[in-house]
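Peer 1: Respectively, the protein sequence lines represent chains G and Z.
Here the first sequence is numbered in this note's numbering, starting from 1 and rising by one per residue.
Here the second sequence is numbered in this note's numbering, starting from 1 and rising by one per residue.
It is possible that some hints are incorrect.
PhoX-like mimics (lysine-lysine), calculated; alpha carbons at most 25 Å apart, straight line [said to hold, decoys possible]:
id	chain 1	residue 1	chain 2	residue 2
1	Z	172	G	31
2	Z	371	G	31
3	G	158	Z	259
Covered stretches of chain G (in silico footprint by chain Z; criterion: 3 or more residues with CB under 8 Å from a CB of chain Z, positions within the stretch not fixed) [stated by the list, open to error]:
id	segment
4	20-27
5	59-68
6	98-108
7	128-135
8	150-156
9	161-174
I should point out that these hints are in silico values taken from the structure, not numbers from a laboratory.
Quantities reported herein were computed from a predicted structural model and do not represent experimental measurements.
Glycine residues also receive a C-beta, built at the ideal position from the N, C-alpha and C atoms.
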Amino acid sequence: MTPLNQVEGRAIPLGLKNVDTDVIIPAHWLKTTTREGMGRGAFESLRADPDNLFDRPEYKGAPILIAGDNFGCGSSREHAAWALGDLGIRVVIAPSYSDIFSGNAVKNGILPVVLPQAAIDRLLEVAATDPVSIDLEHQTVTTPFQDRFTFEIDPFRKMCLLDGLDEISLTEKSDAAIGAYEDRLDAERPWMRPAA
Amino acid sequence: MTRPRTLYEKIWDAHVVEQRPDGTALIFIDRHLVHEVTSPQAFAGLRTSGRTVRRPDLTLAVPDHNVPTTPRKDAAGNRLPITDPESAAQLAALEKNAPEFGIRYIDAVAPEQGIVHVVGPEQGFSLPGATIVCGDSHTACHGGIGALAFGIGTSEVEHVLATQTLLLQPAKTMEVRVEGDVGPGVSAKDIILHITGVIGAAGGTGHVIEYTGSAIRALSIEGRLTISNMAIEGGARAGLIAPDETTFAYLKGRPYAPKSADWDAAVEYWRSLATDPGATYDKVVVIDAADIAPSVTWGTSPEDVVPITGTVPDPASFADPSKQAAAAKSLAYMGLEPGTRMQDVPVENIFIGSCTNSRIEDMRAAAAVLKGRTKAPNVKWAIVVPGSGLVKAQAEAEGLDRIFIDAGLEWREPGCSACLAMNPDKVPAGERCASTSNRNFVGRQGPGARTHLVSPAMAAAAAVTGRLTDVRELID
Chain G
1 MTPLNQVEGR AIPLGLKNVD TDVIIPAHWL KTTTREGMGR GAFESLRADP DNLFDRPEYK
61 GAPILIAGDN FGCGSSREHA AWALGDLGIR VVIAPSYSDI FSGNAVKNGI LPVVLPQAAI
121 DRLLEVAATD PVSIDLEHQT VTTPFQDRFT FEIDPFRKMC LLDGLDEISL TEKSDAAIGA
181 YEDRLDAERP WMRPAA
Chain Z
1 MTRPRTLYEK IWDAHVVEQR PDGTALIFID RHLVHEVTSP QAFAGLRTSG RTVRRPDLTL
61 AVPDHNVPTT PRKDAAGNRL PITDPESAAQ LAALEKNAPE FGIRYIDAVA PEQGIVHVVG
121 PEQGFSLPGA TIVCGDSHTA CHGGIGALAF GIGTSEVEHV LATQTLLLQP AKTMEVRVEG
181 DVGPGVSAKD IILHITGVIG AAGGTGHVIE YTGSAIRALS IEGRLTISNM AIEGGARAGL
241 IAPDETTFAY LKGRPYAPKS ADWDAAVEYW RSLATDPGAT YDKVVVIDAA DIAPSVTWGT
301 SPEDVVPITG TVPDPASFAD PSKQAAAAKS LAYMGLEPGT RMQDVPVENI FIGSCTNSRI
361 EDMRAAAAVL KGRTKAPNVK WAIVVPGSGL VKAQAEAEGL DRIFIDAGLE WREPGCSACL
421 AMNPDKVPAG ERCASTSNRN FVGRQGPGAR THLVSPAMAA AAAVTGRLTD VRELID
């Protein structure tokens, strides 16, 4: 996974709330056995409109997306994170996310920044004309107009993003603890093993 | 004496492998369900890194999302090929990955094949008090039998395959208590649609919802699975309903459920899981069952719920400006005008199925309305898709298939079908569907398709009249 710290660039001012993962990537794009190339299907229904934000020259390849409440709700499809990544998006800024989406985003090197609606409104305004900067180390979002917003992030997620860590390798260090748990489970609740 | 704990906290505590100082914990996963769409990249990852599946015995794979619901075998019993090459490739990948990694596999023509969330409880593979995951957000469904069950992404699928654990942050707890008796024509689906309307699509974000109260206790397991299934539509990570005598009676004797002395020990343990008196939740919502009518959605978020006796709302009537904008966009997509009576909305398509409503009780509820009636002429496409081969066989034994066919509906093979537009079952652009599925998102049932979420009885009523209909007008 590519480490992420500072990101600066144009931010797509989507602003909509309840953007579900079917909108981010419709199901017919899920019929694949690889992770690549999902960007082509990203936001397909929105991009059917020739004047859509995503395909305007100023937002092509923009590394930041600004959205409303409950971004990434609905289906658990990680394809949504793959599609955003393939579009070139490294940071999403929204007031809230679905739990599954924010986890998927981090696992794919995409930072889900949480800011209050008032900050979102200001950033949407800035994004119409100017770039936005994110600094994960210092947990800030800034603009060329001296706006400065700080955000909270789970320390483990922050570390994974900053270092580009592979979570499976980390968990494998707990192999002995997992084995001990399995032994305890077999002793205390042996009936938990499937009967057939 | 220990602090009183909720059902969620008890299940969580029993699964902590390792507590981390930052508040996260490595949680053991008791059951992992796998389907063809969200697993190929996970298996590919294992192969690339030279990893194996740690606990194949706790893993069960079944194809459901893109298997066609038309016959899978010819008259001679030979398996028919899947014509869509991409769907065929995903199925072939699962068919190859399952034996390669030693995983239990129910193939597309097996008698017990079906939607993974119908199959898990039906086979007794899903158990109360277990942690259950699947690369599918409707894994929340299994909370209906008292399992802590939630959807995960493909990276997490790979993580569970490799380690049988997940690193998780504990969720907040929310109680949704539904007290009293529901009226005639009101099903579990109406209860959960009503709840979603009350709490909103993000109302449960960061929480695990425990559904309590006399109206929930009175539900069958089928109904409880319907409720918990849609916990995710309220934004919750998972839903939970405490296991009780109804749960034990449902699970006893199922293939993977504990047997004889093990069964008694299991039941004793499951009884201990109920939320302790005095335990508190982070959030509590109380709903009077008498307030719940047969319900229907008007927009493109599952929170867009009104009683069938209601009208399409005016976007200006919402206090939140972003909701006003969203509602206006929804109405444009749905082709609806504010003030239109929901019962005046015509529907051309009917879908009875999905992991929300494809169990035997759902089939019976739809058949009860359709018996002796036929679908309206303006209904072009109406399909009934049982949730599993076993549901299908049971329905046929009860003669329900004849009722559907005689009414002019199609009786299909089990699968996810028209819930998600991944297989050939889709709703055409610009047309409406009264659907028993769980999501009315833009394009969910096909590009441009307009979905109205309803119960099985309400979908059947709509099939009869050709418009959204109050099922109470068709029942005694």
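Peer 1: Now tell me if each hint is right for this structure.
Peer 2: We went through each hint and held it up to the structure:
no., hint, in the structure
1, 172/Z to 31/G, "violated, 34 Å"
2, 371/Z to 31/G, "violated, 38 Å"
3, 158/G to 259/Z, "violated, 46 Å"
4, 20-27, "holds (count 5)"
5, 59-68, "violated (count 1)"
6, 98-108, "holds (count 7)"
7, 128-135, "violated (count 0)"
8, 150-156, "holds (count 3)"
9, 161-174, "holds (count 6)"
In this structure, the hints that do not hold are numbers 1, 2, 3, 5 and 7, in rising order.
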